[in-house]
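Undergrad: If you want the building blocks of each chain, they are given just below.
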Amino acid sequence: NAGVTQTPKFRVLKTGQSMTLLCAQDMNHEYMYWYRQDPGMGLRLIHYSVGEGTTAKGEVPDGYNVSRLKKQNFLLGLESAAPSQTSVYFCASRRRGLGGTEAFFGQGTRLTVV
Amino acid sequence: GESVGLHLPTLSVQEGDNSIINCAYSNSASDYFIWYKQESGKGPQFIIDIRSNMDKRQGQRVTVLLNKTVKHLSLQIAATQPGDSAVYFCAEIQNNAGNMLTFGGGTRLMVKP
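As you go down the protein sequences, you meet chains X and P in turn.
Note that the first sequence covers residues 1 to 114 in the working numbering.
Note that the second sequence covers residues 1 to 113 in the working numbering.
No wet-lab data here; the hints were simulated from the structure.
Certain hints may be false.
Claimed, not checked - Stretch-level coverage of chain X by chain P, calculated; a stretch enters the list once three of its residues show a Cβ under 8 Å from a Cβ in chain P:
hint : region
1    : 34-42
2    : 45-52
3    : 55-61
4    : 81-94
5    : 98-108
The beta carbon of each residue, even a glycine, is placed where N, CA and C say it ideally should be.
My request is simple: use the sequences and hints to build the entire structure.
TA: Here you go:
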């Protein structure tokens with residue numbers, strides 16, 4: 001099992017450019033999450049999804065959009081990148097029901113906006 | 001090097017000693033509290049969870065204590081090993097808030113040989 005896979009692992013963007021981060025999980029999990037982690041900070045929830053076709057805002061959603069067209073994929077989009085969006089982005093998934101408190105994380109995407 | 005943990009509080013312990021990592025939470029409506037471990041350059045990894053109607057849960061070498069009166073969560077690691085060096089985060093799941101999984105502040109644990 002690959003678990004949770006994030007693509008790409010590294011990216012440098014110019015201010016104003018757009019990009020999409022892909023998260024794929026092969027565990028048939030219902031819930032998926034996108035976080036950002038800045039130096040010296042914890043993980044802040046950007047957006048999340050409780051199932052295919054549904055998304056919801058987290059703690060810091062501004063400047064980001066998401067889509068969950070397929071259960072196994074959760075896409076995070078930056079429409080017009082800003083230097084303040086320089087961060088490490090983590091995707092996670094977990095299953096519904098008993099034992100579903102354990103979330104599985106990807107390896108992260110390190111994004112730099114110049 | 002890894003930039004995570006540069007400004008987080010640090011707990012330094014001697015190998016073999018017990019470690020206690022603390023976390024204060026604010027949401028009384030959370031259903032589960034979880035501890036995660038994050039090693040340099042990796043995503044967080046689940047350690048142990050506790051349901052909100054419990055006050056103690058034990059795992060292998062780890063114990064989580066929940067004090068709802070003062071909204072305090074702690075992680076105790078017995079016989080701390082060099083491999084325990086990492087950043088530790090507490091997290092909450094709120095089932096009545098759309099199953100959000102949110103993280104609290106972290107603590108960097110450094111184990112001295």
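Undergrad: Are there at least three residues in the region 98-108 of chain X whose beta carbon sits under 8 Å from a beta carbon of chain P?
TA: Answer holds; 8 residues pass the 8 Å Cβ test.
Undergrad: Mind checking, does the region 81-94 of chain X have 3 or more residues with a CB under 8 Å from chain P?
TA: Holds, because 4 residues of the region 81-94 of chain X bring their Cβ atoms closer than 8 Å to Cβ atoms of chain P.
Undergrad: Three residues or more, CB to CB closer than 8 Å: is that satisfied between the region 45-52 of chain X and chain P?
TA: Per the Cβ count (3), the hint holds.
Undergrad: Given as covered by chain P, does the region 55-61 of chain X meet the bar of three residues or more with CB within less than 8 Å?
TA: This one holds; 3 residues, not fewer than the three required, reach chain P with a Cβ under 8 Å.
Undergrad: For the region 34-42 of chain X, do three or more residues have a beta carbon lying closer than 8 Å to a beta carbon of chain P?
TA: It holds, with 6 qualifying residues against the three required.
Checked against the numbered hints given earlier, this structure breaks none of them.
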